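Assemble the whole structure, with the sequences as input and the hints as a guide.
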Amino acid sequence: MKEQLSAQDLQRIAEIGREAERACDEASSEAALEEVRIRYLGRQGVIAQAFRTLASAPPEDRPRLGQSINALKAAVEEAVQRRAESLAAATRQTRLADERIDVTLPGRGPLSGRWHVLSRTMEEIAEIFIGLGFEVVEGPEVEADHDNFERLNMPPYHPARDAQDSFYLGGGWVLRTHTTAVDVHVMDQRRPPMRAISYGHCYRRDPVDASHSPMFQQLDGFMVGEGVRFSDLKGVLLHFARAFFGPDTRTRFAPSYFPFTEPSAEMAIGCVICGGRGCAVCKRSGWLEILGCGMFHPRVLEMSGIDPERYTAFAWGMGVERPAMLRHRIDDIRLFYEGDLRFLRQV
Amino acid sequence: MRVSLEWLREYVDIDIAPDVLAERLAGVGLPAEEVVRVGEDIVLDLEVTSNRPDCLCMLGIAREVGLLLDRPVRFPDGYAEHPRAGRRAGRARRTASARREAEDRVRVEVEDPAGCPRFTAVVIDDVRIGPSPAWMQRRLEAAGVRAINTVVDVTNYVMLETGQPMHAFDCDRIGTRRLLVRRAHPGETLETLDGLARVLEPEMLVITDGTKPVSLAGIMGGRDTEVGERTATVLLEAAYWHAPTIGRTARRLGLRTEAAARFERGADPNAPPAAQSRAARLLAEISAGRTVGEMIDVYPAPVRAATIRLRPARASAVLGTEIAPAEMVRILRALGCRVTSGRTLSVQVPTFRADLVAEVDLIEELARVYGYDRVPATLPRGDTTPGTMAPVLAADRTVRDTLVRCGLVETLTLTLVRSGPQLVDGDPRAAIANPLTHDHDALRRSLVPGALEVLATNAARRLEDAHVFELGRIFLPRGEGGRPVERRSLAIALMGRWRGGWNVPEDQALADLHHLRWMLDALLGELALPVDDVRPLSDAPADLAGASPLGPARWWHPGRSADLHVGGRAAVRYGELHPDLAAASKLPHRAYVAEIDLEALYVVAAGRPAGARVSDEIPPLPAPPPIIAARVFTGLPRYPEVERDLAAVVPDTVAAGRVEAIIRETAGPWLEAAELFDVYAGPPIPTGHRSLAYRLRLRAPDRTLAADDAEEILTRVRIALRTRAGAELRE
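Sequences listed follow chains A and B, in order. Just so you know, the first sequence maps onto residues 1 to 347 in our numbering. Just so you know, the second sequence maps onto residues 1001 to 1731 in our numbering.
Treat the hints as calculated values from the structure; they're not laboratory data. For clarity, every value in this text was computed on a predicted model and none was experimentally measured. All C-beta atoms, glycine included, are put in the ideal place defined by N, C-alpha and C. Please note that a few of the clues may not be correct.
Stated by the list, open to error - The following label-pair restraints were derived from C-beta to C-beta distances:
id : chain 1 : residue 1 : chain 2 : residue 2 : range
1  : B       : D1709     : A       : E124      : 50 to 60 Å
2  : A       : R310      : B       : Q1422     : 33 to 43 Å
3  : A       : C274      : B       : P1505     : 49 to 59 Å
4  : B       : P1300     : A       : H146      : 29 to 39 Å
5  : A       : H146      : B       : L1636     : 57 to 67 Å
Given below as structure tokens:
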């Protein structure tokens, strides 16, 4: 009779467990699950009542019965917990699904700014020469005629001045035709060895067309020291050409004439458009003239109080628009100064 | 210089293809602009630099080709090769009677031997004027010279062949039978061959008939003595003129002839006799005239060939490559020099190479002929120098970076502007004495007009959103003949939407005054410069014309603009562009413009005295400190902050800046930030008032602030706002 009773009780506990698990699984919301939890695990719940029946059970059955009810409680708690997690996961899932947005919509934000392509180009070239030990300086745009020309071995009415037809302001002031004038100021204030570059606005009386602007940017540099050679000029400029135009760039030096250098040269690079095969940009020659250069004329050094027997110097000057045009395939110099944002944002 | 290969082959054998020849010539400094086929012939259009007048003739080019191909040059019939000074003596001993025969016809005097070191004349009789032979015409045309008649064509032919310009006078039209070379008298006139009456100046050299000018020396002959169909006797002139005088005269008169181009670059003083004999030979050959007697040669001080000392070791050292002394001698001789060997070479340069005056000129010749491409590329040896950037340029970089981060696009506009009235009209601008166009006859004195033009240009192209800046120089004029003051300046101009994208409400996307101010604060913050004061332009006294580097107040909307004072001066002027100007520029939106006296900001940032400059300096050594000092880390806060909100209702006449200043002054050192977060007008705020709400962040460096501490500060601030700004405090 006792055994039977006990077996009945155990069977009843197992049944409660099965019912509770089923109720948990059937709870379709967190609220429903809470009801289930209260029904079984609440203070007045089924399991609490079961514990209370322990007192009326025969003493020898109590431990086994107590163990069973405890196991039941743990099982129900676990079932509730499991179901709670799965319901929460489902809820999160739903919320995330609801939060879906069309990720293919375009971005939105402030318009971005940009350096002018010529400022950027000048800075980039300056960095190349800083790496070679050059200091970067600047000078005035209005120069004395004397500093712009005579100090560079171009007396008044020198035929070479024809190529640099200049704007005058009266009083002997001229808008600098080249930043080479800055070299003169540096040499006046430094003792060799020195290496410097400068860049900025220059002016020539050229009518405006696709390749001429009365105002343009030039970048000039020079180096003075003992034993500075023409071959060093070639090496430094070759390094520049490769750093700027790419490691495979070829250079060619041909004789030229500038009153302030002797020997004078022009440096060309293999055409970056056609790779040297010949195209409209390089006029079928495969070469693009990039800059003028040479060894400073002894008279230029003398005028700065530098002994040309002891020291030699090389110098070069280049328009900045041309390398920028070649690199970015810009076909009209006027674009640089018009301020069309479609251009400025592209390059 | 247009060079016909058919003609060139008369003087030197050429057995390489024309394009190979062009390539080789480019390698010695004579690049071809183009190579064109003209009938059977090929013409190279060579670029000749202005130091090489000797290459402005066929024989000069032949000499360079001979040098390249190691071939001899054949001189033409009658052309005595470069008679040196010594040979003149022999010529002078020739029959005196022959010379007299010519001198009977015409007498030559040179009053100014400095201007005309040499003058030769030959009289030609039995002149036959008519077309020159086809071969001569063809060659002239290949060279780009129009054929005219026998005599003129021969003078041109000789010039193209030898480089010596010649002029033919109709001898019978020189009534005085006399030529006098002198400087022009003031106000003297001459009708030149082109039919223009030229007013001469005292520096200009003329050939006169003893009373009036008959030719503009070295440049162009006179109309009165021109050779024409009825000419029977011709006087051929070949002279050597002072190069700078010819250059100046040609420029003064705007008369750039083939003759002037050769003389101003420096002709050969010893070429005239050779040219005369060649011309006489050609005239005889084509039966166009017969030489009478001897050449008249006025050459009081013969020019001697210069001798230059050349150290082969120096040449190799300067070039950075070893050229064997024997090779040097070969090159120099091929160039026409006489070379005496030794440890140093003694080099006598030909008189047709006036450009060779010093050792370095010879070094260039050696390098040129040896080949620049054979010189290796090396890197400099010896003492090196640190690579640096001038502080002012480094500061520019920071400014550009900051503004670009604010969303601005950098522009560059021409510094050349109109001096006349403009839409945006600044103070007088520095004038250019010789402008190309009226649009570019002065230098800008503000960056603002250029920035507005950029907005207008873009608006006209239907780009309505433009946010730009320019960093550059402005030029403040300083009286007649004075050097304009160059000043670093900066302008910002905003128009239209600064945010792109869909569904952004207009009012949150369009640039406005506060957006502009945010950029200015970003800039000043980057330069670590505090704003001393914000002064609305409506409160400002009238502009002091010309005194300020900032534009006039009338460019701005009077109620929506201000000056920012930094370091004790108005260094920034900003606000909404005056609506009249916006309308005149056809701008589709309100525009916002700032002008920044960058020079002043840099001077303050660098701690220089007022009035100092930082631009254009060659920095002293050792390098000066940067303009923008490195920022100093002040540590992270160690105690928590207390935040309190405060809303002050003030009359509209009380500026927010004033309210904020009172808060900062009275809150004490524990105030870390006072951030305006709400501006409200409308019920229940009384009309004529608005509510300004600030969030105050308080923090003590050494302890956690208690509620009482915060309350004490707030009370102080409230009382001050009430008493000093008439504020009502909202809770």
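Hints versus structure:
1. B/D1709 to A/E124: 50 to 60 Å: Cβ of B/D1709 to Cβ of A/E124: about 55 Å, so the range 50 to 60 Å holds.
2. A/R310 to B/Q1422: 33 to 43 Å: violated (54 Å)
3. A/C274 to B/P1505: 49 to 59 Å: holds (51 Å)
4. B/P1300 to A/H146: 29 to 39 Å: Once the Cβ atoms are compared, 35 Å apart, the range 29 to 39 Å for A/H146 and B/P1300 holds.
5. A/H146 to B/L1636: 57 to 67 Å: About 58 Å separates the Cβ atoms of A/H146 and B/L1636, which means 57 to 67 Å holds.
In terms of the numbered hints stated before, the structure departs from hint 2 and from no other.
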